[in-house]
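A.B. asks: With the hints as constraints, model all of the structure from the sequences given.
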Amino acid sequence: MKIKIIILSLLFSVFSNAQFVKNHGQLKVEGTQLVDQNNKPIMLRGMSYGWHTFWPRFYNKESVKWLKNDFKCNVVRAAMGIEQGDSCYIKQPEFSKRKVKAVIDGAIKNDIYVIVDWHSHNINLKEAKIFFDEISKEYAGFPNIIYEIFNEPDDETWEQVKAYSEEIIKVIRKNDKKNIILVGCPRWDQDIHLPAANPIKGFDNLMYTVHFYAATHEKWLRDKTDEALKTGLPIFVSESAGMEATGDGPLNMKAWQEYIDWMEEKKISWITWSVSDKDETCSILKKSASSFGNWKDEDLKESGLKVREFLKKYNIEK
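Mapping of the sequence shown onto mature numbering (1 follows the signal peptide of the UniProt record, and there is no 0): residues -18 to -1, 1 to 300, in sequence order.
No wet-lab data here; the hints were simulated from the structure. The C-beta atom is built at its ideal place from N, Cα and C for all residues, glycine as well. Treat each hint with caution, since some may be false.
What the hints assert, rightly or not - Label pairs and their calculated CB-CB ranges: (1) Q74 <-> K22: 40 to 46 Å; (2) K260 <-> W202: 26 to 32 Å; (3) E200 <-> H103: 39 to 45 Å; (4) D279 <-> G231: 20 to 26 Å; (5) L287 <-> K201: 23 to 29 Å; (6) P75 <-> D230: 29 to 35 Å; (7) K201 <-> E44: 19 to 25 Å; (8) K236 <-> E76: 41 to 47 Å; (9) K201 <-> S273: 36 to 42 Å; (10) K268 <-> D205: 34 to 40 Å; (11) S69 <-> L107: 20 to 26 Å; (12) K108 <-> S69: 17 to 23 Å; (13) E149 <-> P75: 17 to 23 Å.
C.D. replies: In structure tokens:
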């Protein structure tokens, strides 16, 4: 009987993952918690693609399907590079949009959520308004969509980031009244205490992003985030991993597990960086990896094997 229950539970989990957005639908923010269409707390866990400018080969529907089915992702993040590289959005907007839309369409087809990430460290207000106006018009009817409007501000003040964010939020909300919007904060999404003290007012379904790399960002960042949560600030970890903040160096498995445990306890959604094949620790794939998924264990680096293990554990067992 016990074996039968375990089998039925696993089958239910697999089936639920197969129809994830159908089951959970339109997301919203209640207090600090992300909840689904049934007002039940929900956690999104998944993978971020690397910059589309450097790893465009992975930006396709097939890789999204593989990340869902093999890694058990219930969300993916399309990191559209804005300034860096010859095919960045500033230089090649149509190419950039095609790549991002391939991931968006793949997520919709495979019934998982997708973060549309404006992947820049600088304010590009004019260009961002044009992009998010187009994307929010095209995809407003899909509950799959999450907008991340500024990845990792670096030297900008919170006042500058806040003013920029308010302008982009207004553009999105003209077209899309409901879908979640993620707002960055200064110092590479470390200074979460700043929006906690002075949050954006007048809009619903906003969350604020914290990014960590476990070998660099120790308990102090969790403590700072806990204090922000106490003020009522909703948090989403839209980029994270187990090595140093450079993206390189050895994995610190103890520190990474401590972060995972903390996010699971707080019911904070988390995304791991990244689907790419650069010669660095955080790129989860080797050069041998196909552009379209179907990755064997020998195509995955240590970080890839570990994050797949995490995702399979927490997205299936929970």
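A.B. asks: Would you mind marking each hint as holding or not holding in the structure?
C.D. replies: To see whether the hints hold, each was checked on the structure:
1. Separated by about 41 Å at the C-beta atoms, Q74 and K22 satisfy the suggested range of 40 to 46 Å.
2. As the Cβ distance of K260 to W202 is approximately 28 Å, the hint placing it in 26 to 32 Å holds.
3. About 23 Å separates the C-beta atoms of E200 and H103, a value inconsistent with the hinted range of 39 to 45 Å.
4. As the Cβ distance of D279 to G231 is approximately 23 Å, the hint placing it in 20 to 26 Å holds.
5. For the pair L287 and K201, the beta carbons lie near 26 Å from each other, so the given range of 23 to 29 Å is met.
6. Remark: the range hint 29 to 35 Å for P75 to D230 is upheld by a beta-carbon distance near 31 Å.
7. At roughly 40 Å, the beta-carbon separation of K201 and E44 lies outside the given 19 to 25 Å, and the hint is violated.
8. Taken as a hint, the range 41 to 47 Å holds for the pair K236 and E76, whose Cβ atoms sit roughly 45 Å apart.
9. One distance hint, 36 to 42 Å for the beta-carbon pair K201 and S273, holds here, with the actual separation near 39 Å.
10. Checked against the given bound of 34 to 40 Å, the beta carbons of K268 and D205, roughly 36 Å apart, stay inside it.
11. Take S69 and L107: their Cβ atoms lie about 22 Å apart, and the range 20 to 26 Å holds.
12. In this structure, K108 and S69 meet the distance hint of 17 to 23 Å, their C-beta atoms being roughly 20 Å apart.
13. At about 19 Å, the CB distance of E149 to P75 agrees with the hint of 17 to 23 Å.
Of the numbered hints given earlier, the model fails hints 3, 7; all others are met.
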